[in-house]
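Participant: Mind docking chain B on chain A? Use the hints.
As given, the protein sequences belong to chains A and B, one line each in that order. If you read the first sequence in this note's numbering, its first letter stands for residue 422, the second for the next number, and so on. If you read the second sequence in this note's numbering, its first letter stands for residue 422, the second for the next number, and so on.
Simulated from the structure, these hints should not be mistaken for lab results. Worth double-checking, as some hints may not be accurate.
One copy or any two copies: either way a pair holds, since identical chains are not told apart in the list.
As the list claims (entries may be wrong) - The calculated DSSO-like cross-link candidates involving lysine-lysine, where the alpha carbons are at most 30 Å apart (straight line), are:
1. Lys476 x Lys713
2. Lys522 x Lys489
3. Lys718 x Lys567
4. Lys512 x Lys591
5. Lys512 x Lys489
6. Lys631 x Lys713
7. Lys714 x Lys567
8. Lys459 x Lys713
9. Lys459 x Lys489
Model, not experiment: these values are computed from the prediction.
2 protein chains.
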Amino acid sequence: DTDTDCAEVCEENVLCTFETSAVLSESARDKNIFVHGKISGQDAVVILEKTPIQKEVLGQILSESSLKLQMRNDIYSTYQLQAPAHLNEIKTTVVFPATQKHIQKYRRQESFLLEETAEDYLSITLPFIQEQRFSLQWVYNILEKKAEAERIVFEDPDPKTGFVLLPDFKWNQKQVDDLYLIAISHVRDVKSLRDLTSEHLPLLRNILHKGQESIFGTFGLPRSQLRVYLHYQPSYYHLHVHFTRLGFDSPGCGVERAHLLQDVIQNIQSDAGFYQSRTLYCPLRADDGLLKKYKEKGKI
Amino acid sequence: DTDTDCAEVCEENVLCTFETSAVLSESARDKNIFVHGKISGQDAVVILEKTPIQKEVLGQILSESSLKLQMRNDIYSTYQLQAPAHLNEIKTTVVFPATQKHIQKYRRQESFLLEETAEDYLSITLPFIQEQRFSLQWVYNILEKKAEAERIVFEDPDPKTGFVLLPDFKWNQKQVDDLYLIAISHVRDVKSLRDLTSEHLPLLRNILHKGQESIFGTFGLPRSQLRVYLHYQPSYYHLHVHFTRLGFDSPGCGVERAHLLQDVIQNIQSDAGFYQSRTLYCPLRADDGLLKKYKEKGKI
Chain A
422 DTDTDCAEVC EENVLCTFET SAVLSESARD KNIFVHGKIS GQDAVVILEK
472 TPIQKEVLGQ ILSESSLKLQ MRNDIYSTYQ LQAPAHLNEI KTTVVFPATQ
522 KHIQKYRRQE SFLLEETAED YLSITLPFIQ EQRFSLQWVY NILEKKAEAE
572 RIVFEDPDPK TGFVLLPDFK WNQKQVDDLY LIAISHVRDV KSLRDLTSEH
622 LPLLRNILHK GQESIFGTFG LPRSQLRVYL HYQPSYYHLH VHFTRLGFDS
672 PGCGVERAHL LQDVIQNIQS DAGFYQSRTL YCPLRADDGL LKKYKEKGKI
Chain B
422 DTDTDCAEVC EENVLCTFET SAVLSESARD KNIFVHGKIS GQDAVVILEK
472 TPIQKEVLGQ ILSESSLKLQ MRNDIYSTYQ LQAPAHLNEI KTTVVFPATQ
522 KHIQKYRRQE SFLLEETAED YLSITLPFIQ EQRFSLQWVY NILEKKAEAE
572 RIVFEDPDPK TGFVLLPDFK WNQKQVDDLY LIAISHVRDV KSLRDLTSEH
622 LPLLRNILHK GQESIFGTFG LPRSQLRVYL HYQPSYYHLH VHFTRLGFDS
672 PGCGVERAHL LQDVIQNIQS DAGFYQSRTL YCPLRADDGL LKKYKEKGKI
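Next comes chain A alone, as it looks inside the complex:
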């Protein structure tokens, strides 16, 4: 079919003439890369992603490839395997012509690890939070049942130790494999981990235990299958706790940002001022206003 052949050649030409301007983002784990460039002078975004290894062609991959030994130690050896191209395709997506919005959307921000001492918190982070005045109206709407009331899985209405439990937006509730719920406290004056003291122990224990019980009752997952944690920095400054399924790599469960609720409780039990006195580490994205403040002070 000459028409198809011609179309294919033209398609090939499209990427042949692609001139790379910048790598917008890439993930070594996901094995993908997002690239901004030009095709005939117009903006384009090209996304490459390696494909999952298919069981069905495994035998062929192992028998039809060439192997280059890299390292051997005892019973372990590693190789570079070069497979026939048709058994090892790369998924390619082209956005053409692309707008500035597309280009922004695919741009990734670097993260930096902030080392926040107790003094840094008081002199830099706290003033920044106060001056930003992030709106928490959407949180109050949930607590007051003005929004998302039908999504609530459980509520303890106690004004001091109570909370509302509801599914995170990232979870579609279709399977428990990626279960993700959020508990939001009724108490409104706890901005983050930094505000927690022994006076909050009853609140924290209540969230942990009733949250676990209610997830077991509603979704059948026992507490041994749950990862329960707070973020620091949180994405909004009203106390909330994440419940995700153990074994599911939920975004934001990394040790640099997540604090296991059970550890938080133990830390406060042994030192009521733990979170007021400690140096806390947290990742900040390159475009975060807080990072800018720390950079201005020469702290990062």
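Facilitator: This is chain B only, laid out in the frame that chain A set:
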């Protein structure tokens, strides 16, 4: 060099005769697969993982590959790209001969969160570790330069505070995006976090600071881009520290298993017996012998 050529051909044959018994696990996200099979009648585990897309060869990939159009909709189109094999390698690890333990290790399992009190550690976990007598010969081979000597990135030979720093097997060293190195202490009597006391502060600080410096010197990543942590439970009971790139979701960096080295140091500074007295939480896979011990005692 005919010897090398011959060795390479033999290596190829090893996988040519590989007979698949079962897929132990696979990840569509990570693009890897763990396969159990036989080589000349003996058990082997073969791990294939696609490699991250390297910026450096992106131009070549785009210009030297063939493209097959799959779908077009408005400004979006998708293709299957077939790249030259040397630009699209698959990282291959062979464990041969493999024991039942290896096969178990790579089989996908549910995880359970263990709540290990100080007493549980002494009465259940410690006896289990001692009775298992996991071989650490491969670790000693590295420390004594009997294996992998050419992979060492940095060494501090001090017997008390020294360590060897080398790339983790999971990292191919082609890009820093998924940088992953391991520091292994010369000290041999620290099994895990549980053994760390104030006497180890100089060792821990040395690993943190010299590890960060050496990674900055060799790979150009400053400490603000590094996540430095220990695992509990570790996969082998000889003190080692993980250095991974912040922003790269390295497997095992979740809050349920990882402990930030900076936090470990702070914890021991404020309480020398912190890790001997605390309840520690850690995930255990369904087939872990330790989980069985805890189940027998009715603890999980």
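Participant: The structure should be examined with respect to each hint, and the outcome stated for every one.
Facilitator: The hints, checked one at a time:
1. Lys476 x Lys713: between (46 Å within a copy, 28 Å between copies)
2. Lys522 x Lys489: between (43 Å within a copy, 27 Å between copies)
3. Lys718 x Lys567: Classified as neither: same-chain Cα gap 42 Å, cross-chain 48 Å, threshold 30 Å.
4. Lys512 x Lys591: both (9 Å within a copy, 23 Å between copies)
5. Lys512 x Lys489: For Lys512 and Lys489, the Cα distance is within 30 Å both inside one copy (25 Å) and across copies (10 Å).
6. Lys631 x Lys713: Intra 39 Å, inter 28 Å, cutoff 30 Å: inter-copy only.
7. Lys714 x Lys567: neither (36 Å within a copy, 49 Å between copies)
8. Lys459 x Lys713: Within one copy only: 29 Å inside, 56 Å across.
9. Lys459 x Lys489: between (36 Å within a copy, 20 Å between copies)
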